[in-house]
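4 protein chains.
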Amino acid sequence: MGMIGGGVGAFIGAVHRLAANLDGQIELVCGAFSRDPATSKQTGKELFLDESRVYDSFKQMIETEAGLPESQRMDFVSIVTPNHVHAEPALLALEHGFPVIIDKPLCFNMEEAYAIRNKVNETGLPLALTHTYTGYPMIKEARQLVKSGKFGAIRKVMMEYPQGWLAEKIEDSDQKQASWRTDPSKSGKSGAYGDIGTHAANMGEYVSGLQITKVLSMVKKIVPGRLLDDDASAFMEFEGGVPGVLTVSQVSAGEENAIRVRVYGEKGGLEWTQRDPNTLLVKWNDAPDEIYRTGTGYVSEAAQANSRTPAGHPEGYLEAFANIYKNFAMHLRAIDAGITHNMDVYDYPGIEDGVHGMSLVEAVIESTEKGNIWVNVTD
Amino acid sequence: MGMIGGGVGAFIGAVHRLAANLDGQIELVCGAFSRDPATSKQTGKELFLDESRVYDSFKQMIETEAGLPESQRMDFVSIVTPNHVHAEPALLALEHGFPVIIDKPLCFNMEEAYAIRNKVNETGLPLALTHTYTGYPMIKEARQLVKSGKFGAIRKVMMEYPQGWLAEKIEDSDQKQASWRTDPSKSGKSGAYGDIGTHAANMGEYVSGLQITKVLSMVKKIVPGRLLDDDASAFMEFEGGVPGVLTVSQVSAGEENAIRVRVYGEKGGLEWTQRDPNTLLVKWNDAPDEIYRTGTGYVSEAAQANSRTPAGHPEGYLEAFANIYKNFAMHLRAIDAGITHNMDVYDYPGIEDGVHGMSLVEAVIESTEKGNIWVNVTD
Amino acid sequence: MGMIGGGVGAFIGAVHRLAANLDGQIELVCGAFSRDPATSKQTGKELFLDESRVYDSFKQMIETEAGLPESQRMDFVSIVTPNHVHAEPALLALEHGFPVIIDKPLCFNMEEAYAIRNKVNETGLPLALTHTYTGYPMIKEARQLVKSGKFGAIRKVMMEYPQGWLAEKIEDSDQKQASWRTDPSKSGKSGAYGDIGTHAANMGEYVSGLQITKVLSMVKKIVPGRLLDDDASAFMEFEGGVPGVLTVSQVSAGEENAIRVRVYGEKGGLEWTQRDPNTLLVKWNDAPDEIYRTGTGYVSEAAQANSRTPAGHPEGYLEAFANIYKNFAMHLRAIDAGITHNMDVYDYPGIEDGVHGMSLVEAVIESTEKGNIWVNVTD
Amino acid sequence: MGMIGGGVGAFIGAVHRLAANLDGQIELVCGAFSRDPATSKQTGKELFLDESRVYDSFKQMIETEAGLPESQRMDFVSIVTPNHVHAEPALLALEHGFPVIIDKPLCFNMEEAYAIRNKVNETGLPLALTHTYTGYPMIKEARQLVKSGKFGAIRKVMMEYPQGWLAEKIEDSDQKQASWRTDPSKSGKSGAYGDIGTHAANMGEYVSGLQITKVLSMVKKIVPGRLLDDDASAFMEFEGGVPGVLTVSQVSAGEENAIRVRVYGEKGGLEWTQRDPNTLLVKWNDAPDEIYRTGTGYVSEAAQANSRTPAGHPEGYLEAFANIYKNFAMHLRAIDAGITHNMDVYDYPGIEDGVHGMSLVEAVIESTEKGNIWVNVTD
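From first to last, the protein sequence lines stand for chains A, B, C and D. Mind the numbering: the first sequence is residues 88 to 466 in this note's numbering, read in order. Mind the numbering: the second sequence is residues 88 to 466 in this note's numbering, read in order. Mind the numbering: the third sequence is residues 88 to 466 in this note's numbering, read in order. Mind the numbering: the fourth sequence is residues 88 to 466 in this note's numbering, read in order.
Take these hints with a grain of salt, some might be off.
Copies of the same chain are indistinguishable here, so a pair counts whether it falls within one copy or spans any two.
Listed below are the simulated BS3-like cross-link pairs for lysine-lysine, each with C-alpha atoms no more than 27 Å apart in a straight line [said to hold, decoys possible]:
#1 Lys256 x Lys273
#2 Lys234 x Lys308
#3 Lys273 x Lys457
#4 Lys237 x Lys308
#5 Lys256 x Lys354
#6 Lys234 x Lys146
#7 Lys132 x Lys237
#8 Lys146 x Lys132
#9 Lys301 x Lys354
#10 Lys276 x Lys457
#11 Lys132 x Lys354
#12 Lys263 x Lys354
#13 Lys354 x Lys308
#14 Lys276 x Lys263
#15 Lys237 x Lys206
#16 Lys256 x Lys234
#17 Lys276 x Lys308
#18 Lys354 x Lys237
To be clear, the hints were calculated from the coordinates, so they are not data collected in a lab.
Construct all of the structure, not just a fragment, from the sequences and the given hints.
Following this line, the structure appears as structure tokens:
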């Protein structure tokens, strides 16, 4: 794998590397880690890379690697730059025949999203999007339970993701993460919704198996002077008219990454929160609630295939993240071997999730701008 | 105390009696427990009442008791009938000089609400409304902590109350609770919002110390054929423009009475849920979260005054309910004794909470009827 | 009911009264609340008692009441004095024909225990012991689940009760509770074990349905200068050789009344803790764990009969305590009515629990005194 | 790194590899994965190893690698075989100049333990023991908090580790893990205590900062026909006479790896359980309990240095395990670079933990064999 972005000091780049390392199935062989060649070089050195494969720019990397013999060149590209630097390297990589794994959201705006989708369709190359939270085994289990029909028709979806790290205006200091995430020229139209709302909405759709079709939002800039939203709530209608409520915030002081999803059907419901990621609560009206756990023998094939240890060995965020890398790498190998990849069990978020996620950002922002009205989501 | 409603088989009437009994400060001396004199008689017998003070109607009770010598007659009236039979006995009791304690919501519609308010103002008699959840010691503590300014200015309020008991259309069977609560001629304009949304909103206001000024709702009748809403969500704006989100449901299969409130300020936040009522979570961005507990020495006077045992002896719903009765009785005694009642410590919800709660019902229903638009709350 | 002990400022006496009040089935009609007649008088006044029935001594109370007409005299006696003043009033009450409810432990030493047992057997009068924790609905459920055989043969019992309130030597200040509980002349041979270990052991036996037959203890006086044990652990062998481990402490700084019981059988196990009293965790090796809850429709008759509200209305310590009073009163009524009392459903701890609990105190203390050896428990 | 053991199908070998991979600091370059050369070969292939460095035996591996040029040969050896095959490869590796990382317990018996210790002392080479649980950031924090003196002198240590996986006699089927762990010729003198009791005791010592000096145990073979203990409890005295209680079990049906430690001092206490590994509960008698969390800014340097992501990204078992590998590798690099390794912050369990752990096994077993008497622990 070759990495674009993720230079020394970056948060998400390091996470991508840990995730890629974990299973010993992926090797980082090259990178263009920063716009600053010196930083890129320094990063490559710390990662024990061959100097000759630490590049000054993603353009140089993609073009040079494309020219290497197939057995030597990188197998795919991982893009971990801020949102406004997603599309260009992704398009270039796809054009040069490299599959792409890309941090969410897919890109900066709809135009870019459509361009990437077109390129993916044109090249037929796989693209993965790191909606990490659907990588958790108990989220796989939740999806399978809903799909099994145990709960009957789905009636309500609740999605939330409160954080507190932007409770103060830390973008005014030199907090790297905060600066680009609150800057419309780098993040795009939305702050909190784009950064974490997309995760929560994706989770609601993934577990319920239903797409969001329209939204009515209340998006807020709560910290004075902030340029993008830092708090967002939305009513969301899913296919078939199922109501959903989403609330995300980056100013909920004291909250970590408390993403939580609850889905209710006619006969029962389920609840999952990242605070206790190896537990899935399954609730019934006339029977004891049940505690489903990662690594047990009774969970679905999808849940089992996406955990690494038996029950009682807590798995966390990096393992969930690694599942995307592992399943993506497995898909690439399956393609090489000419065999079918089982996407029900070894799934990962892809281009359609990415485009849809971008459409949701558009719709959520538009709804508030137009006075909190219903806006259809069109991918 | 004399009771109106609460005949054999009623749920909330029995709860009121348990709550009134607990502290040994209130004695049930008479009742008109049912429209059916035989049921009323039977109930009185089971409650060890003097037969002569078990009445055939609330009218008879109020008028007869008013005629007894002051030392013998009931001290106040407790009204535990369905919503459409709140106003008439309340007005009659007040007119005859009896203070009133009344199950929430205050009454059937705004007209009644205003009539009761006028009568209260005219007579100067105390009226208590059983918004039980604000009776919990840790909710008192939450209010005091917010009031202390520890969290800085309040920025967000989240209120939820999911239940699952109406996931099926049980009003079609002979479930007494379900039938009147889903019947517009008995409940009023709203089902779920009126029954439990009013509790959640009251809690949000009580803890934040801020009133809700406008709402944008999404109210749903999810179970086919149901006559009133069984699921309701709302964006709610509090004084000063503070955003809130409320979600309540009676079709969240598998949920008990999972009322939860979260309030966030500039520096920290708090969370309480009835599932773990003696715990108040206090959250900070740069320090360990704290677990405040009922019965400890470090909580506020208000929290201490509203619990009965030292930390480690779980108190529950009945104790919270009993706090309303206890504080109301204490207020009546203070009036008799001509001393001041400390409403900051020994508080209970009153007529203004009741009228405001009714206005919120109106606004929430109107918002959805008009197409999910913002509606101002006018008491 | 007439009460002995529980004067103004006492902790457990007030709890007994709250518990007795709750269900409106028991009326406090008289009392000898203190050795000090003035305190007794003052207490009676605060409790709205008829002055003529507030007595100067328990002797006076029992003898006077015994002389009243049957319809007027107290129905039973409640003894809430320190341990060394249990036996004398209990014996006197029984001799005068009064059933007795008595705070645990039963009494001061074995001699007294046997004397009380003999008197109970001789008179045939009911005696209840307030081992409160077995009054919790979910503990009733636990017992029924074990009894049902669902878990197979029981293999292990874990009992614990950590508290922190004696972490400092507060008996040196004027803390009334601490002084008598750490004073061998008032408490008896044991401090922590006698006070809370007896509860934990009783809970283990109640849930498992097995009696403890021998013990090997490690009893400690951890706070320097303390006269009785403040920390006690024991290996305990139950009938059939089932091993148990008990750990209790009054110096576990920061702990409330964290009594917890875990019982494991061949196929599964269960766990309950007072911190979350309305939840019973049921655990299985090859299936999701289950969460049994107070007030649900699926729990046993015993669990249902000992709760007052539907699921979702937290019940606590006072409700558990009240179950003992309620079931005891129901037993007395059944005797009066000449009908059978269903002790499987409406049970309460009685004389045999009391004597056995005292034997356990003896054995636990003896084991440590003799060098941590196994000691048989002989009732 | 070269690995000994861990062939296809082994549990702990795979875990060691995941842990070693995570940080991208260690590369598996060779292995002798099984006594069966074909299995070893197959494992090597699946791990993308160079065929020439997949060996038929650990002897062959150590000797061959020792002959390679320094820049090519493995840097250290990881031993993940059953207990009876720890000492021989460890001694051989040390003799050939290779540092060793070894799964716990250190070895099969005291004789071997002393031999390894001597060899470590003689060669001066680092040896790490994978007492995984002390690798958790919140356990590091716990140790630092105790060390800081915040809690005052330590008074009590509670250690437990219930599991349920051996509730049935699965060693009779072909469960590989169960067979060797219940076989005295492979596990050594103890089953449950040796396997998980050693972890619990190590945790108690690590957090309290105190060594266990004597034990009185109750060790049981609960499943009929089992050859080694599957349940063990012990009173344990720590330095300074501090009492501890340890309970571990492999027949607690329904339990996962519920290792928990509680330590109490004069002023407060702490509690940690693997079920919620990123939380450390800190308890006080007169102040709200506190929730310390992994990845926060307020925890100690040791806790921060042993986590990889900011608060809100759950870390789990593999991350804790990886900390041992990471810190060990950092130590080896420090030695190479001639700089000091900060063992307070980047610590890992070593030879003394291993020998002491073996002594504890001896003492625990001896205590029960001699009739549950106190036995001194002598390393």
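Now for the hints, and whether the structure bears them out:
1. Lys256 x Lys273: For Lys256 and Lys273, the Cα distance is within 27 Å only inside one copy (17 Å; across copies 51 Å).
2. Lys234 x Lys308: For Lys234 and Lys308, only the inter-copy Cα distance (24 Å) is at most 27 Å; the intra-copy one is 37 Å.
3. Lys273 x Lys457: For Lys273 and Lys457, only the intra-copy Cα distance (24 Å) is at most 27 Å; the inter-copy one is 39 Å.
4. Lys237 x Lys308: between (41 Å within a copy, 22 Å between copies)
5. Lys256 x Lys354: between (45 Å within a copy, 12 Å between copies)
6. Lys234 x Lys146: For Lys234 and Lys146, the Cα distance exceeds 27 Å both inside one copy (43 Å) and across copies (53 Å).
7. Lys132 x Lys237: Answer is neither: 52 Å inside a copy and 42 Å across each miss the 27 Å cutoff.
8. Lys146 x Lys132: Within one copy only: 20 Å inside, 35 Å across.
9. Lys301 x Lys354: within (26 Å within a copy, 34 Å between copies)
10. Lys276 x Lys457: Result: close within a single copy only, 15 Å intra versus 30 Å inter.
11. Lys132 x Lys354: neither (56 Å within a copy, 41 Å between copies)
12. Lys263 x Lys354: So Lys263 and Lys354 pass the 27 Å test across copies only (22 Å; inside, 47 Å).
13. Lys354 x Lys308: The answer is between: 17 Å across copies meets 27 Å, while 39 Å in one copy does not.
14. Lys276 x Lys263: within (19 Å within a copy, 52 Å between copies)
15. Lys237 x Lys206: Cα proximity of Lys237 and Lys206: none, with 39 Å in one copy and 53 Å across.
16. Lys256 x Lys234: So Lys256 and Lys234 pass the 27 Å test across copies only (24 Å; inside, 43 Å).
17. Lys276 x Lys308: This pair counts as within: shortest intra-copy Cα distance 13 Å, inter-copy 35 Å.
18. Lys354 x Lys237: both (7 Å within a copy, 26 Å between copies)
Hint check: violations occur at hints 6, 7, 11 and 15; the rest are consistent with the structure.
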